[in-house]
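Student: Chains as they are written, first to last, in the numbering used here: chain H, 1 to 617; chain D, 1 to 617; chain V, 1 to 344; chain L, 1 to 344.
Hints may be right or wrong, so weigh each one.
Stated by the list, open to error - In silico DSS-like pairs for lysine-lysine, Cα to Cα no more than 30 Å straight-line:
#	chain 1	residue 1	chain 2	residue 2
1	H	K79	H	K11
2	V	K137	D	K164
3	V	K185	L	K237
4	D	K198	L	K325
5	D	K489	D	K540
6	H	K200	L	K137
7	H	K557	D	K586
8	D	K124	V	K148
9	H	K567	H	K610
10	L	K137	V	K148
11	V	K337	H	K426
12	D	K121	V	K137
13	V	K148	D	K200
14	H	K400	H	K434
15	L	K325	D	K424
16	H	K450	H	K610
Keep in mind the hints are simulated off the structure, nothing from the lab.
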Amino acid sequence: MENNKSTKQKKTETLDEVVIHFAGDSGDGMQLTGTQFTTSSAIAGNDLNTFPDFPAEIRAPAGTTYGVSGFQIHFGSRKIHTPGDRSDVLVAMNPAALRVNLKHLRDGGIIIANNQGFTPKNLKLAGYEKNPLEDGSLSNYQVYRVDVSKLTANALEDLNLGSKVVERCKNFFALGLMYWMYDRPVEPTINWIKDKFKSKPELIEANTRALKAGLHYGDITEIFTTRYEVKPAKLEPGTYRNITGNAALALGFITAAKKSELELYLGAYPITPASDVLHELSQYKNFNVKTFQAEDEIAAITAAIGASYGGSLGITATSGPGMALKMEAIGLAVMMELPLVIADIQRGGPSTGLPTKTEQADLFQAIFGRNSEAPVCVLAAATPSDCFNIAYEASRIAIKYMTPVILLSDGYIANGSEPWRIPKAKDLDTIPVKFHTDPENFMPYSRDEKTLARPWAIPGTPGLEHRIGGLEKQDLTGNVNYEPENHQKMVNYRAEKIERIADDIPDVEISGEREGDLLIVGWGSTYGSITSAVERSRAKGKSVSQIHLRHLNPFPKNLGEILYNFKKVLVPELNMGQLSTILRSKYLVPAISYNKVQGLPFKAEELENKIDELLRG
Amino acid sequence: MENNKSTKQKKTETLDEVVIHFAGDSGDGMQLTGTQFTTSSAIAGNDLNTFPDFPAEIRAPAGTTYGVSGFQIHFGSRKIHTPGDRSDVLVAMNPAALRVNLKHLRDGGIIIANNQGFTPKNLKLAGYEKNPLEDGSLSNYQVYRVDVSKLTANALEDLNLGSKVVERCKNFFALGLMYWMYDRPVEPTINWIKDKFKSKPELIEANTRALKAGLHYGDITEIFTTRYEVKPAKLEPGTYRNITGNAALALGFITAAKKSELELYLGAYPITPASDVLHELSQYKNFNVKTFQAEDEIAAITAAIGASYGGSLGITATSGPGMALKMEAIGLAVMMELPLVIADIQRGGPSTGLPTKTEQADLFQAIFGRNSEAPVCVLAAATPSDCFNIAYEASRIAIKYMTPVILLSDGYIANGSEPWRIPKAKDLDTIPVKFHTDPENFMPYSRDEKTLARPWAIPGTPGLEHRIGGLEKQDLTGNVNYEPENHQKMVNYRAEKIERIADDIPDVEISGEREGDLLIVGWGSTYGSITSAVERSRAKGKSVSQIHLRHLNPFPKNLGEILYNFKKVLVPELNMGQLSTILRSKYLVPAISYNKVQGLPFKAEELENKIDELLRG
Amino acid sequence: MADTAVKEQKKYTAKDFQSDQDVRWCPGCGDYSILAQTQRVFPDIGVNKKDIVWVSGIGCSSRFPYYMDTYGLHGIHGRAPAIASGLKMARPDLSVWVATGDGDLLSIGGNHFIHACRRNIDLKIVLFNNQIYGLTKGQYSPTSEFGKITKSSPHGSVDHPFNPVALALGAECTFVARTLDRDPKHLQSIIKAAGEHTGTAFIEVYQNCNVFNDGAFFHLTEKGQKEDNVVALEHGKPLVFGANQDKGVRLDGFTPKIVSIDNGEYSKDDLFVHDENADNDVLAYILSRMTYDPELPTPIGVFRKTQKTTYDSEMQNQVNKAREKRSDGDLDELFNKGETWVVE
Amino acid sequence: MADTAVKEQKKYTAKDFQSDQDVRWCPGCGDYSILAQTQRVFPDIGVNKKDIVWVSGIGCSSRFPYYMDTYGLHGIHGRAPAIASGLKMARPDLSVWVATGDGDLLSIGGNHFIHACRRNIDLKIVLFNNQIYGLTKGQYSPTSEFGKITKSSPHGSVDHPFNPVALALGAECTFVARTLDRDPKHLQSIIKAAGEHTGTAFIEVYQNCNVFNDGAFFHLTEKGQKEDNVVALEHGKPLVFGANQDKGVRLDGFTPKIVSIDNGEYSKDDLFVHDENADNDVLAYILSRMTYDPELPTPIGVFRKTQKTTYDSEMQNQVNKAREKRSDGDLDELFNKGETWVVE
Ligand SMILES: Cc1ncc(C[n+]2csc(CCOP(=O)(O)OP(=O)(O)O)c2C)c(N)n1
Ligand SMILES: Cc1ncc(C[n+]2csc(CCOP(=O)(O)OP(=O)(O)O)c2C)c(N)n1
Ligand code: SF4
Ligand code: SF4
Ligand SMILES: [Mg+2]
Ligand SMILES: [Mg+2]
């Protein structure tokens with residue numbers, strides 16, 4: 001094994017957690033660098049959490065601020081819940097990367113700047129009049145100017161590669177340097193390089209050399225005097241992998257389909273940040289997965305409804321604007337009472353809004369956004385790896401209750417990643433499905449006593465020929481019916497069916513005391529930030545408890561009781577107060593909203609301050 | 001003037017109010033009969049309220065229950081708020097008409113049955129085993145069996161008309177009989193016949209004769225011993241006409257356009273019960289009205305947005321399922337901050353639901369049904385004639401605040417009608433519009449200090465060339481901008497702009513005491529039923545007050561204060577509790593929902609009972 | 001369609017396809033005939049009832065599925081082709097039929113229609129073209145003639161109509177046909193032909209809405225008029241028409257012209273000979289353009305019929321291949337893909 | 001378009017059409033050329049800047065309006081033709097242009113596109129066809145070739161593509177043209193021709209997406225290849241092509257065939273002669289079908305150009321007539337229509 005132990009004597013400091021932000025041009029390979037660092041840190045046993053920060057532009061001109069691509073990783077020897085409020089280290093490949101990300105670097109933080117990137121042209125593109133590495137403006141930070149490009153070139157000198165190729169290896173130099181600094185294993189990356197460039201031995205050599213050059217540079221040069229050690233975290237034993245929310249979602253759906261022995265059918269139309277669900281699932285045809293890239297979102301969902309009608313697990317995935325287009329069809333699925341999962345990977349809005357930024361402002365739309373009384377079940381994932389669970393849970397409920405289920409995720413957890421403890425397939429529950437087959441007294445709208453689900457009777461079954469549709473149905477027969485009493489009855493059934501799901505979901509767990517001064521109620525991707533803030537506040541001795549809702553309609557049955565046990569209830573949301581509105585209405589508690597609509601997640605710090613304020617006042 | 005005075009001596013009873021229900025086959029002309037009776041009653045000086053009850057089928061086979069077409073009129077010497085809970089008189093042209101409507105006839109009520117309609121075939125079609133006119137099952141009612149068809153035929157005998165033509169005159173016979181019974185002026189109808197059949201003198205003669213035959217039949221025959229008198233109501237002086245909600249809506253829009261000196265542009269796609277808005281407006285091209293029958297609802301609204309961008313008053317009209325399809329585009333209008341009115345004539349749902357029935361379950365959709373934070377102003381009409389005011393108000397707000405406004409009406413008031421006191425055009429306020437023209441320092445997203453409206457700068461204006469769209473805009477410049485702080489600022493602006501409308505709308509008026517045991521909060525088409533129920537309860541000495549909301553987002557400023565002054569708050573709605581949810585959330589009052597989702601309006605009686613129950617308990 | 005062939009010996013009759021629902025179209029509506037002919041010919045398409053699904057949107061025509069005793073799905077306005085596409089992809093074993101109207105398919109549903117055609121998904125789409133919106137009581141539709149006066153166009157519509165056959169061809173449809181509600185035999189034969197096609201089959205049926213657009217096609221359906229106004233397309237045969245079969249259609253360049261074939265100047269040999277499955281669809285396109293030409297007879301029959309891979313079978317093939325080639329869906333393998341590490 | 005003619009004496013230059021916004025397409029993207037040519041030729045279309053509006057949907061291509069110093073509206077995905085239609089109806093005095101992509105116009109926006117064509121509303125629709133979804137980072141589009149491997153089709157797409165020219169013709173479009181991002185002169189001439197047409201003008205521009213679909217059209221745009229693969233359509237001229245103008249296209253029945261015109265067997269006189277405004281669109285349709293045929297050169301130029309009443313002007317006419325004929329909008333008269341009565 002490649003030995004990454006220093007030969008010289010340097011000081012080693014132990015840290016509980018570190019946040020590194022890699023930033024450069026879109027073409028600088030920062031995503032790759034970040035991913036490699038992630039794997040290496042995971043293997044080093046840290047807990048971690050990451051977030052990529054893609055530019056809104058596909059490929060902006062080099063050197064511009066809007067072309068900066070970043071990747072942030074937060075790793076530690078304790079439980080890590082977020083990619084980090086502020087970074088400890090900023091690796092900046094050019095001035096634009098510095099300009100965009102400096103504001104998130106903590107005071108006294110480390111800047112590793114690629115000297116060659118700070119050309120007059122790039123400085124100008126980034127809007128710097130003078131070179132900030134030289135003008136003293138960075139005196140609050142520890143600035144390391146490293147000749148990344150030059151040193152990489154030196155290391156590869158004798159390989160006779162084109163200058164473009166050499167330039168493209170510089171991210172591995174930076175990675176190597178960081179590996180040195182945080183004492184990470186390099187072998188996984190070397191193996192990755194070998195595998196990736198199997199057919200191009202010269203690139204294996206080049207990238208490996210660049211990596212090692214960075215590693216050795218840290219060791220040899222005098223400018224770095226300290227290395228840091230981040231001990232392994234205490235994690236539940238098991239096999240882990242790093243996973244993004246969208247990948248986890250895809251796996252969750254495949255698992256649900258497999259465990260219910262149904263074919264999985266995804267109807268989708270590409271949209272940021274949901275497209276990866278389509279990309280992922282389209283690779284797994286061997287799991288009996290069919291993916292349909294439809295002409296639009298309406299075709300995507302209606303095709304999924306057609307597939308569910310045919311006996312598949314029909315699902316669709318989209319984001320806000322596409323979600324808006326699906327509402328009429330969701331109403332049809334409500335009326336036809338067929339299983340269907342609609343994943344909404346929320347993004348900044350309204351309208352086209354901020355497509356690459358995160359937000360959690362589609363809750364209202366999910367719960368209320370249809371014509372007339374069209375109740376559906378609504379769930380939300382809390383973290384990237386929770387996307388696996390929630391996809392499975394959404395499918396389970398959809399099938400068992402013969403209902404559409406809306407699953408909310410968002411850009412933050414969809415693209416963010418964290419270690420996922422890989423389950424064993426055999427440990428996962430099966431989802432029982434029984435297609436109706438008995439023609440004797442068949443009633444398409446008879447109901448299961450407990451769940452109120454109607455039978456799933458699919459075409460191809462002899463003797464069950466019947467018709468369903470979007471007009472109001474007669475109780476039991478499912479025939480078209482306009483009678484007043486029948487309509488009320490069916491409206492009630494549809495509402496009651498969703499309500500009954502509450503009997504079938506776990507109570508929400510409270511973290512902290514069961515009563516006290518302040519309860520924080522969260523949902524969705526804010527889980528990490530809220531958890532961090534609450535942990536810190538509790539560490540300071542404050543009476544703060546936390547609950548996090550994954551079931552938003554219906555709510556867990558114990559929710560009301562918990563709310564009433566606290567003097568104050570705070571609901572932090574990346575919207576203008578949507579969950580808060582619903583809680584206030586349902587439980588008549590004076591829940592306090594804390595809102596942020598900036599296309600960004602909460603900082604734990606912001607929440608901590610808000611908690612302080614509330615407990616003070 | 002044709003004299004409608006009895007020659008024989010018959011008893012005359014005076015009544016305060018009467019409800020008559022005309023019912024027959026789709027082809028029997030019941031809508032026409034009802035409309036004529038309405039006009040005549042209006043001219044007689046009564047207040048009134050009407051509701052047509054169309055079959056769901058276009059033209060069902062004759063004699064079937066699902067082919068019954070009805071028209072109910074409620075008229076009186078006092079203020080009339082609804083078409084009536086129960087009818088006093090049921091005119092039934094065939095057994096199906098009797099079967100369908102008997103349950104709404106009050107005990108002891110009058111049935112006028114067309115004897116010739118009760119053939120064995122028709123009885124069977126209506127599901128009667130025996131003739132109900134003969135089997136004693138109607139002993140609770142005053143049944144009059146009249147040979148309507150035969151007497152009509154007799155009267156027209158010498159005109160040599162085909163039997164089909166003769167048969168089609170029988171509704172005028174029935175109308176004549178009712179004119180006799182309630183002492184209505186016949187001249188308006190005779191004039192109407194003359195005008196309608198201008199080119200067919202034989203039909204003028206035939207229908208007039210049938211009408212008079214009915215009139216004289218009441219007079220001469222022994223079977224009717226009583227006539228009724230319904231004195232004129234005390235109405236505000238003025239010129240009146242009868243108007244349906246959809247017609248009033250159309251006039252309101254035309255008025256707003258005229259008063260703002262804008263061209264009116266309607267983008268619409270036909271859908272029940274909104275299509276009449278398109279039909280009405282398409283007739284008024286001389287008012288500089290353009291109507292576009294689009295390929296779908298999305299094209300309809302986006303075309304209207306295009307027209308608004310071009311400087312027209314862009315509007316669209318639809319119903320639930322179509323509304324769901326427009327949500328993405330409404331988000332665009334929110335982002336672009338252009339005036340736009342979206343009229344949603346609600347109907348029974350979910351999905352295709354009960355297209356010809358009424359419901360008020362799109363309130364959630366209107367307020368919450370879009371991706372992300374996309375606040376709009378929401379208004380609702382209370383009565384058919386209020387549709388005029390609300391269309392004007394919606395346009396005024398849309399223009400003044402540069403915002404989409406959703407206007408809620410429903411099938412009940414859209415098709416229902418009542419007398420409308422015709423305003424004088426000069427008495428109506430103008431709606432000032434100032435297109436921006438000054439290129440000096442032009443900022444597409446600068447804002448009016450008071451309204452926060454941005455300038456309306458339309459193409460064709462020299463020097464103002466600029467670009468807007470659905471991506472988040474930079475404050476002032478309107479350029480695309482993804483910055484966190486800017487996004488928050490713009491989200492806040494958009495919310496605040498809608499909130500500020502509250503400064504520009506009247507306080508909600510309370511009817512009854514300002515504090516007390518029970519406050520009823522209504523919105524939309526339930527106004528009539530609630531008002532009747534409250535009037536009756538107050539007459540019984542109960543402490544009940546009423547407010548009716550026409551502005552649903554934002555609410556009138558005094559709403560909270562009013563709510564807190566009552567021990568109980570009851571919110572009756574034709575949905576599962578939508579306004580109630582919002583009130584509870586916003587004001588934390590334990591509002592009680594009273595819901596009915598049957599495709600039908602409330603009966604005043606039902607509400608009266610609920611009020612009794614609440615004041616008892 | 002092999003797997004859905006009727007397996008029992010029993011041969012269906014029309015009655016077997018009649019559901020227990022009351023048919024609720026207006027008395028006299030052309031939809032009755034389309035229903036009756038479909039019920040009559042369905043015993044001949046050789047598919048088990050249980051394997052047939054009728055999908056529709058919204059409109060008078062879209063009530064059709066309720067009346068067929070097969071599986072049925074009455075969807076939402078305009079989306080029938082998309083719903084049916086999803087169903088067919090999920091269940092290539094089913095025989096999936098779409099019943100739709102000119103508003104449903106060509107106005108709100110136009111996009112799903114052209115995409116179904118393009119993909120050549122194996123659906124049979126039956127368009128009830130009455131050139132009007134029936135269910136919403138009489139507005140003009142995208143097939144209504146220019147200048148039509150309706151409730152929504154009191155001064156005459158300023159919309160030029162679609163030519164549904166030309167549109168389907170331009171959208172790559174592989175089977176395109178037209179027939180008439182009032183020609184039962186022809187209607188039956190076309191339904192049967194569509195049933196036999198693999199790929200998107202589009203049938204335009206001219207249908208009389210006697211309430212809101214009565215007589216729109218009487219010149220094509222009524223005795224004494226139809227003879228001179230309709231030309232029936234038959235594969236391999238020249239285009240002959242007229243009460244006495246005395247007229248024909250000849251091509252002048254690309255322009256069809258009517259010629260007499262009984263006055264000796266022209267004979268059948270000079271006429272345009274129909275070829276359903278020509279190399280390309282130009283011939284069919286030329287025929288489609290005869291439609292609104294007042295000088296020319298309106299063609300009915302199969303304009304075009306050609307073979308191409310279908311979307312649903314290709315999709316199924318990919319799944320089958322993937323399952324053969326790669327491990328057939330092992331979850332543990334899937335979960336453990338990529339970089340993993342062990343915490344002990 | 002008379003009322004929008006440039007009134008000032010000043011003649012615009014390309015620079016006048018450059019907005020102050022940074023152009024943010026990927027370096028090397030074909031969109032730059034389309035922008036540059038548009039800016040270059042717009043001074044020649046004779047319309048005042050203030051009277052021009054560019055409307056777009058969503059996609060890389062749909063950013064176009066930001067870069068033109070005219071009025072601009074960046075709409076929502078697929079709806080540009082509908083937004084533009086409403087604008088043009090409300091303001092027939094404006095010159096309304098649509099910038100759109102193959103996903104925007106033909107996938108989600110397909111219905112609005114074909115309806116705009118059918119109505120012949122006076123819009124100029126410029127399709128940036130790169131046969132890929134650019135903005136969402138590389139999924140196949142409705143114009144991508146069958147079998148294309150992309151992020152969303154790792155086993156190859158099973159979608160057959162649209163032929164946008166054939167689709168537009170089938171949808172009754174009155175001006176249909178095709179050009180290339182890398183042929184600046186041709187691109188300019190086609191934009192100009194579209195600007196001169198009254199009615200829906202559709203331009204398909206083959207555009208290179210160098211990030212997700214690089215080189216898709218290099219056989220049509222790069223020296224050494226394009227000569228044999230492209231044939232330029234010119235009104236009234238025979239279809240000649242080849243590096244030495246030594247090849248031509250001849251019709252064999254309805255099937256275009258390549259012939260040599262330098263070996264004496266055929267001459268220019270034997271070739272297919274282009275006629276933009278033929279009586280019907282069959283000729284244009286035949287040309288459209290040459291598109292995906294690997295044996296034949298791809299036509300560029302104006303396929304068809306014909307006159308028909310436009311939706312917007314007819315709509316305006318109805319308004320004008322109504323205002324002339326009937327009282328010009330007297331509210332009191334309107335309010336008092338029908339039966340009224342007086343309460344005193
Ligand atoms: C989303 C939506 N928009 C509009 C409607 C109203 N609508 C129902 S059917 C129909 C058109 C019917 O015309 P067509 O498809 O030609 O069928 P037909 O009744 O003539 O058979 C319309 C506009 C609807 N149900 N849903
Ligand atoms: C309603 C909606 N659905 C999906 C998207 C995501 N989206 C944006 S652009 C685009 C397609 C872009 O392809 P194309 O129109 O070909 O434009 P290009 O980027 O290639 O120029 C998609 C699917 C969206 N913005 N809105
Ligand atoms: S309205 Fe027309 S299409 Fe509809 S059922 Fe009646 S006749 Fe048939
Ligand atoms: S992704 Fe492709 S189409 Fe989009 S800007 Fe980049 S090169 Fe151009
Ligand atoms: Mg129709
Ligand atoms: Mg594209």
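Student: Evaluate each hint against the coordinates.
Tutor: We went through each hint and held it up to the structure:
1. As the CA atoms of H:K79 and H:K11 are separated by approximately 26 Å, the hinted pair is consistent with the 30 Å bound.
2. Taking the CA atoms of V:K137 and D:K164, the gap is about 23 Å. The hint holds against a cut of 30 Å.
3. In summary, the hint linking V:K185 to L:K237 is not supported, as the alpha carbons are separated by about 48 Å, beyond the 30 Å threshold.
4. Proximity of D:K198 to L:K325 is assessed by CA-CA distance (about 22 Å); at most 30 Å being required, the pair is judged to hold.
5. In summary, the hint linking D:K489 to D:K540 is not supported, as the alpha carbons are separated by about 54 Å, beyond the 30 Å threshold.
6. Proposed proximity of H:K200 and L:K137 is supported: the alpha carbons are some 26 Å apart, at most 30 Å.
7. At most 30 Å may separate the alpha-carbon atoms for a hinted pair to count; H:K557 and D:K586 meet this at roughly 23 Å.
8. With a C-alpha separation of about 41 Å, the suggested pairing of D:K124 with V:K148 is violated against the 30 Å cut-off.
9. Of the supplied pair hints, the one linking H:K567 and H:K610 holds, its CA atoms being roughly 15 Å apart against a limit of 30 Å.
10. A distance of roughly 46 Å separates the Cα atoms of L:K137 and V:K148; the hinted pair therefore is violated under the 30 Å criterion.
11. This hinted pair checks out: V:K337 and H:K426 have alpha carbons roughly 17 Å apart, not beyond 30 Å.
12. Using a Cα cut-off of 30 Å, the hinted pair D:K121 and V:K137 holds, with the two alpha carbons roughly 28 Å apart.
13. Under the criterion of a C-alpha separation no larger than 30 Å, the hint pairing V:K148 with D:K200 is consistent with the structure, at around 25 Å.
14. Our distance criterion of 30 Å between C-alpha atoms is met by H:K400 and H:K434, whose separation comes to about 10 Å.
15. Simply put, L:K325 and D:K424 have alpha-carbon atoms about 24 Å apart, close enough for the 30 Å limit, and the pair holds.
16. For the suggested pair H:K450 and H:K610, the alpha carbons sit about 44 Å apart, so the restraint of at most 30 Å is broken.
In this structure, the earlier hints numbered 3, 5, 8, 10 and 16 are contradicted, and the remaining ones agree with it.
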